[in-house]
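Let the sequences and hints guide you as you build the complete structure.
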Amino acid sequence: MSLTPRAALAAVIASAWLSGSGCGWTSANARDARDVPRASALPQVPPSTLRALDVERFLGKWHIVATNYDFWKTRTHATVTYQRIGAAGGKPVKLRDVVAYRDLPWCPAKRPSPGDVVGVDIQDPSRAGHFQWRGDGLLHLIRSQWFVVWVSPDYQHAVTWFADSNFGTGSGTDVYSRSPSITDAKLGEVLDEARRDPFIAERSRGMFYVPQN
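Per my numbering, the sequence shown runs over residues 219 to 431.
Just so you know, these hints were derived from the structure itself, not from any lab.
Nothing here was measured: the structure is a model prediction, and the numbers come from that model.
A hint or two may mislead.
With a cut-off of at most 27 Å between alpha-carbon atoms, the simulated BS3-like pairs for lysine-lysine come out as follows [to be verified]: (1) Lys291 - Lys279; (2) Lys404 - Lys291; (3) Lys279 - Lys312; (4) Lys309 - Lys279; (5) Lys404 - Lys312.
Per label pair, the in silico range of CB-to-CB distance [said to hold, decoys possible]: (6) Ala305 - Pro265: 29 to 39 Å; (7) Arg252 - Tyr300: 19 to 29 Å; (8) Pro310 - Asp382: 30 to 40 Å; (9) Asp410 - Arg275: 31 to 41 Å; (10) Pro343 - Phe426: 28 to 38 Å; (11) Gly307 - Arg423: 37 to 47 Å.
No residue lacks a Cβ here, since even glycine has one placed at the ideal position from N, Cα and C.
Right, dumping it as C-alpha cells:
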C-alpha cells in the first residue's frame with residue numbers, strides 16, 4: 219500500500235511521532251475480516267485481481283522498482299515488507315505491512331533521511347488478491363483497498379494496484395521485484411502481462427523507475 223503526496227506528509231509525521239514515542243499497535247491489529255468489504259461490493263476492482271495467491275510465498279521484502287505514484291518522485295530505496303500476523307494457515311490472513319524509503323534532501327549537502335509507514339493488511343476471504351490496508355497507531359483512521367493483479371510463477375515479480383483511500387489519498391500502480399534492480403526488458407515483460415487487463419492498462423500510464431541505489 220502507498221500514500222499520496224498531500225496525505226503522505228501527515229502520515230510520515232504521525233509515523234515518526236509514533237516511532238519516537240514508543241506507542242504500540244492500536245485498533246488496526248485487532249481487526250478481522252468483518253471489517254473488510256468484499257471485492258464484489260467495491261466500485262473499482264481490477265478484473266485481474268488474483269483469485270489464488272500463495273501468501274507464504276508472497277511474504278517478505280519487495281522492492282518497489284517502478285510506479286506511477288507521484289509520492290515516489292522525491293524518494294528512493296522504496297520497499298514494502300509483508301509479515302504474517304498469527305500462525306500460518308490462520309484465518310483471516312492478516313499481515314504487517316511496512317513501507318520503507320529514503321527522502322531526498324532539499325539540500326544536496328544533506329544525506330537522504332529514512333522514513334516508513336506501517337499498517338495492517340487483511341485479506342478478503344472472497345478474493346485472494348484483495349486486501350484492505352489500515353494504518354497503524356495514529357494512522358488507523360486511514361483505509362485503502364489494494365489488489366495483487368499479477369505475480370510471476372516464481373514469485374520474483376508482482377504488480378499491485380491500490381485504490382483511493384477514505385482520506386482522499388490517490389490510487390497508483392506499483393511493480394514489485396525481489397531484487398532491487400530490474401532491466402528495461404524485464405519491466406516491459408512484467409507490464410505487458412499486467413496490462414492484459416484493460417483496467418490496469420489504463421491505470422499504469424506514466425510509469426517511472428524508483429531509484430534503489
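Right, here's what the structure says about each hint:
no., hint, verdict
1, Lys291 - Lys279, "holds, 21 Å"
2, Lys404 - Lys291, "holds, 21 Å"
3, Lys279 - Lys312, "holds, 16 Å"
4, Lys309 - Lys279, "holds, 22 Å"
5, Lys404 - Lys312, "violated, 31 Å"
6, Ala305 - Pro265: 29 to 39 Å, "holds, 32 Å"
7, Arg252 - Tyr300: 19 to 29 Å, "holds, 22 Å"
8, Pro310 - Asp382: 30 to 40 Å, "violated, 23 Å"
9, Asp410 - Arg275: 31 to 41 Å, "violated, 22 Å"
10, Pro343 - Phe426: 28 to 38 Å, "holds, 35 Å"
11, Gly307 - Arg423: 37 to 47 Å, "holds, 39 Å"
Consistency note: the structure conflicts with the earlier hints numbered 5, 8, 9.
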